[in-house]
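Start from the sequences, fold in the hints, and give me the full structure.
For the record, the sequence lines run as chains A and B.
Heads up, the first sequence is in this note's numbering, so the first residue is 17 and it goes up one at a time.
Heads up, the second sequence is in this note's numbering, so the first residue is 39 and it goes up one at a time.
Worth flagging that the hints you see were computed from the coordinates, not collected in a lab.
Check each hint, because a few of them may be wrong.
[To be verified] Okay, the calculated beta carbon distance ranges per label pair: (1) A:Phe21 / B:Pro467: 27 to 33 Å; (2) B:Glu251 / A:Val129: 45 to 51 Å; (3) B:Lys406 / A:Gly135: 49 to 55 Å; (4) A:Leu94 / B:Thr462: 54 to 60 Å; (5) A:Met288 / B:Lys217: 50 to 56 Å; (6) A:Phe296 / B:Lys186: 42 to 48 Å; (7) B:Pro467 / A:Tyr302: 19 to 25 Å; (8) B:Glu94 / A:Phe296: 45 to 51 Å.
Values in this document were obtained by computation on a predicted structure and should not be read as measured data.
For each residue, glycine too, the CB sits at the ideal point set by N, CA and C.
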Amino acid sequence: MEDLFIQISKAVVAGLMMGLVFGLVALGLTIIFGVMDIVNFAHGEFLMIGMYAGLLTATLLRVDPLVGLPVAAVVGILLGLVCYYSLVRFLLRGPIVAQLFGTFGLMLFLRNVALMVMGAEPQSLHHGILVGKSFVVGPGMVIELTKLAAGVLSLAAFAGTWWLLNRTKIGKGLTATALDGQAARYMGIPTERMNAFAWALGGATVSVAGALLVNFWPVDPNVGLLFTMIAFTTVALGGFGSIPGAALAGLIVGMMINIAPMWDACAVYLEMEVGWLHQFKYSFVYLAFFLIMVFRPRGLFGWKH
Amino acid sequence: MPRRLFVSVLAIMLGIALSFPAGAVEEIKIGVLYPLTGGAAAEGKELRDGAELATEIANNAKSELSMTMAKNAGIKSLGGAKIKLIIQDHQGNPQLGADLAKKLIQDDKVVGLMGAYHSAVTKTVAAVAERYGVPLINESSTSPALTKEGNKWFWRTTPHDTTFTNDLFVFLEGLTQGKVKGVKAFDKKDLLPVVSACEKTEWGSNVDAAIKELGKAKGFEPQVSLLYAAKAPDLSSEVQSLLAPKPGTMLFAGYGADAILMVKTLKSMKAKPKVIWGQDAGFESPEFVSTLGDDVEGILTRTVFSPRVGDVKKVAKEVNDLYKAKTGRDLSGASARSFTATQAWVHILEKAGSTKPEAIQKAANDIKIDADELIVPWKGIKFSTSGQDLGQNELGTGMIGQYQKGKDGKMILEIVYPFELATTNMIYPVKGW
Numbered sequence: 017m018e019d020l021f022i023q024i025s026k027a028v029v030a031g032l033m034m035g036l037v038f039g040l041v042a043l044g045l046t047i048i049f050g051v052m053d054i055v056n057f058a059h060g061e062f063l064m065i066g067m068y069a070g071l072l073t074a075t076l077l078r079v080d081p082l083v084g085l086p087v088a089a090v091v092g093i094l095l096g097l098v099c100y101y102s103l104v105r106f107l108l109r110g111p112i113v114a115q116l117f118g119t120f121g122l123m124l125f126l127r128n129v130a131l132m133v134m135g136a137e138p139q140s141l142h143h144g145i146l147v148g149k150s151f152v153v154g155p156g157m158v159i160e161l162t163k164l165a166a167g168v169l170s171l172a173a174f175a176g177t178w179w180l181l182n183r184t185k186i187g188k189g190l191t192a193t194a195l196d197g198q199a200a201r202y203m204g205i206p207t208e209r210m211n212a213f214a215w216a217l218g219g220a221t222v223s224v225a226g227a228l229l230v231n232f233w234p235v236d237p238n239v240g241l242l243f244t245m246i247a248f249t250t251v252a253l254g255g256f257g258s259i260p261g262a263a264l265a266g267l268i269v270g271m272m273i274n275i276a277p278m279w280d281a282c283a284v285y286l287e288m289e290v291g292w293l294h295q296f297k298y299s300f301v302y303l304a305f306f307l308i309m310v311f312r313p314r315g316l317f318g319w320k321h
Numbered sequence: 039m040p041r042r043l044f045v046s047v048l049a050i051m052l053g054i055a056l057s058f059p060a061g062a063v064e065e066i067k068i069g070v071l072y073p074l075t076g077g078a079a080a081e082g083k084e085l086r087d088g089a090e091l092a093t094e095i096a097n098n099a100k101s102e103l104s105m106t107m108a109k110n111a112g113i114k115s116l117g118g119a120k121i122k123l124i125i126q127d128h129q130g131n132p133q134l135g136a137d138l139a140k141k142l143i144q145d146d147k148v149v150g151l152m153g154a155y156h157s158a159v160t161k162t163v164a165a166v167a168e169r170y171g172v173p174l175i176n177e178s179s180t181s182p183a184l185t186k187e188g189n190k191w192f193w194r195t196t197p198h199d200t201t202f203t204n205d206l207f208v209f210l211e212g213l214t215q216g217k218v219k220g221v222k223a224f225d226k227k228d229l230l231p232v233v234s235a236c237e238k239t240e241w242g243s244n245v246d247a248a249i250k251e252l253g254k255a256k257g258f259e260p261q262v263s264l265l266y267a268a269k270a271p272d273l274s275s276e277v278q279s280l281l282a283p284k285p286g287t288m289l290f291a292g293y294g295a296d297a298i299l300m301v302k303t304l305k306s307m308k309a310k311p312k313v314i315w316g317q318d319a320g321f322e323s324p325e326f327v328s329t330l331g332d333d334v335e336g337i338l339t340r341t342v343f344s345p346r347v348g349d350v351k352k353v354a355k356e357v358n359d360l361y362k363a364k365t366g367r368d369l370s371g372a373s374a375r376s377f378t379a380t381q382a383w384v385h386i387l388e389k390a391g392s393t394k395p396e397a398i399q400k401a402a403n404d405i406k407i408d409a410d411e412l413i414v415p416w417k418g419i420k421f422s423t424s425g426q427d428l429g430q431n432e433l434g435t436g437m438i439g440q441y442q443k444g445k446d447g448k449m450i451l452e453i454v455y456p457f458e459l460a461t462t463n464m465i466y467p468v469k470g471w
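This is the structure we're talking about:
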C-alpha cells in the first residue's frame with residue numbers, strides 16, 4: 017500500500033511539473049486566439065524555434081542552457097512580430113478560411129526551413145548546470161532538476177504574463193481589444209499595435225517554454241506536431257482565450273501523460289498486467305481533445321463565444 | 039604482308055581481345071536502402087561505410103587481405119564486372135522504403151537489393167522484391183518474422199532475435215553459475231525481478247515477444263514489460279514504471295536517439311539495477327558511446343562484432359584496420375554486418391556467373407561461405423532453403439559485449455559471451471549512477 021502511494025505521488029509530481037510547461041506552451045496560443053480569434057497552426061513550430069534557439073545558444077556560445085531563456089524570448093518576440101506584420105495582418109482582412117490556411121502554410125514553411133537549416137536528426141543538450149541532475153526526496157521520490165526548474169520557471173512566466181495583462185496599461189489595452197476590438201478602437205486604443213503585441217507575447221512565451229523543454233527533450237524539425245496537439249488540447253480544455261484555464265488545463269494534460277505509470281502502480285496492487293498502457297501515452301490527450309470538442313466545446317473557463 | 043608484321047598485329051589484337059573479355063565488362067548495380075537521416079542516421083552511416091568498404095575490396099584486387107573476395111578485381115565469372123552500390127535514404131519510413139525499392143528496380147534497373155536495417159522497412163522492401171522477383175539480401179534486420187513469410191527472394195545473413203535473445207538468457211543463467219569470466223556464482227534472486235522496454239515497431243515488438251517467451255522458460259520472465267514509440271521525446275513515465283519493482287535486470291531494445299534517451303533518463307532517475315542489457319541497434323552505435331561517455335560503462339549489448347574479435351580472427355583485424363583508415367572509427371556491429379552482406383553478394387554473383395534473377399536465386403540458395411572468409415565470428419554463411427526460417431543464414435551466432443574503459447581511457451566493447459571468447463573480466467554489478 018505504501019508503495020502504491022509512493023508510485024502514484026511520483027507520477028502526480030512528474031505530471032504537475034510537465035503540466036506547467038504544457039500550460040506555458042498553450043499560453044501563447046490562447047492569448048493570440050483570445051485577442052484576434054485566429055488559430056495559429058504554426059504554434060508548435062514557434063516552440064520548435066524556441067527549442068533550437070535555446071540549444072544553439074548553449075552549444076555555440078558554450079554557455080549554460082539557462083542563458084538561452086532570454087535569447088529564446090527575444091527570438092520569440094521577433095518571430096511573433098515578423099509573422100504578424102508580414103502575414104497575419106493581411107490574413108485578418110480575408111475570410112476565415114484564409115486565416116486557417118494562412119497559419120497552416122506558415123507551419124509548413126517554418127518546419128521545412130528548419131529541416132533545411134538544421135537537418136532531420138534529433139539533437140539534444142547533454143551539458144548544463146541542470147542537465148541530468150536530480151535529487152531524492154523522501155522514500156524513492158526522485159525529482160529531475162531540469163523538469164523542476166522548467167515547472168517553476170513556467171509558473172513564473174505565467175505570473176509575469178498575468179501581471180502584464182491585468183496590472184499594466186498595455187495589458188488592459190490588450191484585454192479591451194480582446195473583449196471588443198471595435199469599441200476599443202473607438203476608445204483610442206491602437207488595436208493594430210495590440211494585435212502585434214499579442215503575437216509578440218505569444219511568441220515569447222512559447223519560445224521560453226521551448227528553451228525550458230530543450231533541457232530534457234530532444235529537438236527536431238517535426239517536434240512541433242506533438243506539441244501543437246498538446247497545446248490545442250490544453251487550450252480546448254481550459255477554454256479558448258482563458259489564461260488561468262490554460263494553466264489548469266496544462267496540469268490536467270500533464271497528468272494524462274502520466275496515466276500509464278499511475279495505472280501500473282494500481283495494477284501491481286490489483287495483481288493485473290502492467291506496462292501495456294505506455295504505448296498509448298499520448299492517445300489519452302488526443303482522446304480528451306475529441307471528447308472536449310464533442311461535449312464541452314467552450315472548455316472549463318471559456319469566456320469567448 | 040611480312041610475317042613479323044602479321045604476328046605483331048595478331049599479338050596486338052589478342053592483347054586488346056584479352057583486356058576486353060567476351061560479354062564486355064559491365065557494371066553490376068545493387069540498390070541499397072539505409073536510414074541516412076532521422077533517429078537512426080548514425081547507424082545508417084555505419085552501414086553505408088561498411089558496405090562501401092566491402093565494395094571497394096571486391097572491385098580492386100587487394101592481395102594482402104586473406105579473403106577470396108579480395109583476390110580479384112571485380113566479379114571474375116562476370117568478366118571482372120564492378121559492383122556499383124546505389125544508396126538511398128529511407129529515413130526509417132516503411133512506405134518510403136518500398137517506394138525507393140520500386141524506383142531502384144524500375145528506373146535504375148538494379149540487379150538486386152540490400153538493406154534496410156529497420157525491420158519494419160525491410161518488411162515492405164521484401165514485399166516489393168518478392169513482387170518484382172528481385173533478390174534482396176538483408177544484413178541487419180533481426181525481427182524473426184522476416185524469414186517466416188516464405189519469401190523466395192529474401193535472404194538474411196545476420197542471426198535474428200530469437201537466437202540473440204536465447205543467447206541472453208543462456209548468458210544470464212551462466213552468470214549466476216559462475217561461468218562468466220571474473221564473476222563468482224551467486225543466487226539467481228539477485229538478478230530478479232527482470233523488466234524490459236522495447237520500441238514498438240516490427241523489430242522491438244518481436245524482441246519483446248521473444249524476451250517474454252524465452253525468459254519464461256528460463257525463469258527470467260519480465261515482471262514489467264512495456265513498448266514505447268521509438269520517436270518518443272520523453273521516457274520518464276516509462277522509466278518510472280520500470281523502476282517501480284526495483285529491478286535486478288533491465289532489458290532494452292531501442293534504435294538510436296531513444297536508446298540514448300533511455301540511459302539518460304535511467305541516470306537522472308538514479309536507477310540501480312545489477313545488469314543492463316541492450317538488444318544491439320541503438321546500444322552499440324558510435325553515437326551511443328560518444329554522447330553518453332562514461333555513463334555507458336558496464337552496460338551490456340548483444341552484438342556481432344567488437345574490435346576485440348580482431349584478437350582471435352586475423353581477417354577481422356585486417357578489415358578493421360582498413361575501415362579505421364577510411365573512416366577513423368572501428369567497425370561496429372552495423373558496419374561489420376553490412377560489410378558481410380555485401381561480401382555475400384559478391385560470392386553469390388561470382389557463383390551465379392550471371393545477373394539474371396533466377397541464376398542469382400539459385401546461387402544464393404546453394405552458396406556456402408566459410409567462417410575463415412568472414413570478419414564476424416560466425417560459423418559461415420549458408421541460407422536455409424526449407425522449413426520455417428526460409429532464407430535465414432543457419433550459421434550465424436551472437437555475442438554479448440560489455441562497455442569497459444580501456445587503459446587509454448576510451449570506451450571499448452569487451453566480449454563477455456560466448457564464455458570461451460571472453461576477452462576480460464566482466465564488471466558485475468553495473469556501477470550505476
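We went through each hint and held it up to the structure:
1. In this structure the supplied range 27 to 33 Å holds for Phe21 of chain A paired with Pro467 of chain B, their Cβ-Cβ distance being about 29 Å.
2. Taking 45 to 51 Å as the suggested C-beta distance range, the pair Glu251 of chain B and Val129 of chain A conforms, at roughly 47 Å.
3. Checked against the given bound of 49 to 55 Å, the beta carbons of Lys406 of chain B and Gly135 of chain A, roughly 43 Å apart, lie outside it.
4. A hinted range of 54 to 60 Å holds for the C-beta pair Leu94 of chain A and Thr462 of chain B, which are about 55 Å apart.
5. Between Met288 of chain A and Lys217 of chain B the CB atoms are about 37 Å apart, so this pair departs from the stated range of 50 to 56 Å.
6. Taking 42 to 48 Å as the suggested C-beta distance range, the pair Phe296 of chain A and Lys186 of chain B does not conform, at roughly 28 Å.
7. At about 41 Å, the CB distance of Pro467 of chain B to Tyr302 of chain A disagrees with the hint of 19 to 25 Å.
8. Distance hint check: the CB atoms of Glu94 of chain B and Phe296 of chain A are about 47 Å apart, consistent with the given range 45 to 51 Å.
Hint violations for this structure: numbers 3, 5, 6 and 7, all remaining hints satisfied.
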